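Novice: Sequence:
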Amino acid sequence: MVFYFTGTGNSLYVAKQLEEAPISIPQVMRQEKLMFSADSIGVVAPVYGHEVPPMVKEFLKKATFQTEYFYMVLTYGNRHGGAAELAHQLCQERGIQIAYINVVLMVDNWLPSFDMEEQKRLDKDVEGQLANIVADVTSRRHWISPVTDQDRASHQEFLNRMSQMPPDAWQHLLSVVESCVGCGVCEKVCPSGSIHVVNGKAVHTPGNCQTCLACAHACPHKAIQLTTPEKNPQARYRNKHIALQEIIQANAQTMSHS
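Heads up, the sequence shown stops at 258 in the working numbering, and the numbers go up one at a time, no gaps.
Bear in mind the hints are in silico, worked out from the structure with no lab data behind them. Since the structure is predicted, the reported quantities are computational estimates derived from the model, not experimental observations. Backbone N, C-alpha and C fix where the C-beta goes; we use that ideal spot for every residue, glycine too. Warning: the hint list may mix true and false statements.
As the list claims (entries may be wrong) - Beta-carbon label-pair distances, calculated as ranges:
1) Arg-121 / Ser-179: 21 to 31 angstroms
2) Val-203 / Gln-97: 19 to 29 angstroms
3) Ser-179 / Arg-152: 36 to 46 angstroms
4) Leu-244 / Glu-157: 28 to 38 angstroms
Claimed, not checked - Within a straight-line C-alpha distance of at most 25 angstroms, the following computed DSS-like cross-link-like pairs (lysine-lysine) qualify:
5) Lys-124 / Lys-16
6) Lys-240 / Lys-222
7) Lys-124 / Lys-240
8) Lys-57 / Lys-33
9) Lys-120 / Lys-16
10) Lys-33 / Lys-124
11) Lys-240 / Lys-16
Please construct the entire structure, taking both the sequences and the accompanying hints into account.
Specialist: Printed below as a string of structure tokens:
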């Protein structure tokens, strides 16, 4: 049993290497009872600011897992900032006995910092990393990916920067521009129901936005831009192994309001 959260398909691609039909966290969170039992249970998620997205934290808080082998695989694109240690602490706080945590270096799709065209050209040996992780999980290896003082320092640096910003800064990162045609793709790929088409135009509602940027990356007209400068406003990303329809199936929360 494997659960996943994805914005651009990276974590879904990883989850599919571990299990043929992984379960979407944004979809399963709509259930009233979150009780799961299996020989092994895995969670695959990206890290934003070195930690799993808020919805994944909420899932780990609300769900009950009965398993002999609970593990996590975290995808990141540049610096993981000690993500394995932070995830380990999170599981301890939630009372979850975790056997294995690993990290996977993939395309970094954080638009303020990275040009997607440049990222696509980098060879990060994703397949090699995944082969090792699949072997580890198959053999029920007990291991937590090591974290260095440098990793911890980079996370502290991030926290210091965030402390200078309003607490809801990330909630106001998205801007819908005039090229929006109201196609509704953004609404379908949003895991938190934070964007809807109203009167023929997308409207983003802050509050529960996961800052996954799925809407910005998936918009066919690049009509969802950021309120902060981007490295390349014309470049967007989706994992080449994952279809747009798969991200819609993973994340869609509501029917269109248009």
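Novice: It remains to establish, for every hint, whether it holds in the given structure.
Specialist: To see whether the hints hold, each was checked on the structure:
1. For the pair Arg-121 and Ser-179, the beta carbons lie near 27 angstroms from each other, so the given range of 21 to 31 angstroms is met.
2. Between Val-203 and Gln-97 the beta carbons are some 43 angstroms apart, a value that contradicts the proposed interval 19 to 29 angstroms.
3. Checked against the hint of 36 to 46 angstroms, the pair Ser-179 and Arg-152 passes, with Cβ atoms roughly 42 angstroms apart.
4. A hinted range of 28 to 38 angstroms holds for the C-beta pair Leu-244 and Glu-157, which are about 35 angstroms apart.
5. Note on Lys-124 and Lys-16: the hinted pairing holds, with a Cα-Cα distance of about 19 angstroms set against a maximum of 25 angstroms.
6. A threshold of 25 angstroms between alpha carbons decides the hint, and for Lys-240 with Lys-222 the separation of about 18 angstroms falls inside it, so the pair holds.
7. With a C-alpha separation of about 14 angstroms, the suggested pairing of Lys-124 with Lys-240 holds against the 25 angstroms cut-off.
8. For a cut-off of 25 angstroms, the pair hint linking Lys-57 to Lys-33 stands: about 16 angstroms separates their Cα positions.
9. Taking the CA atoms of Lys-120 and Lys-16, the gap is near 21 angstroms; set against the 25 angstroms cutoff, the hint holds.
10. As the CA atoms of Lys-33 and Lys-124 are separated by approximately 39 angstroms, the hinted pair breaks the 25 angstroms bound.
11. Between Lys-240 and Lys-16 the CA atoms are separated by roughly 14 angstroms; this keeps the pair inside 25 angstroms, and the hint holds.
Going down the numbered hints, you'll see the structure goes against 2 and 10, while the others check out.
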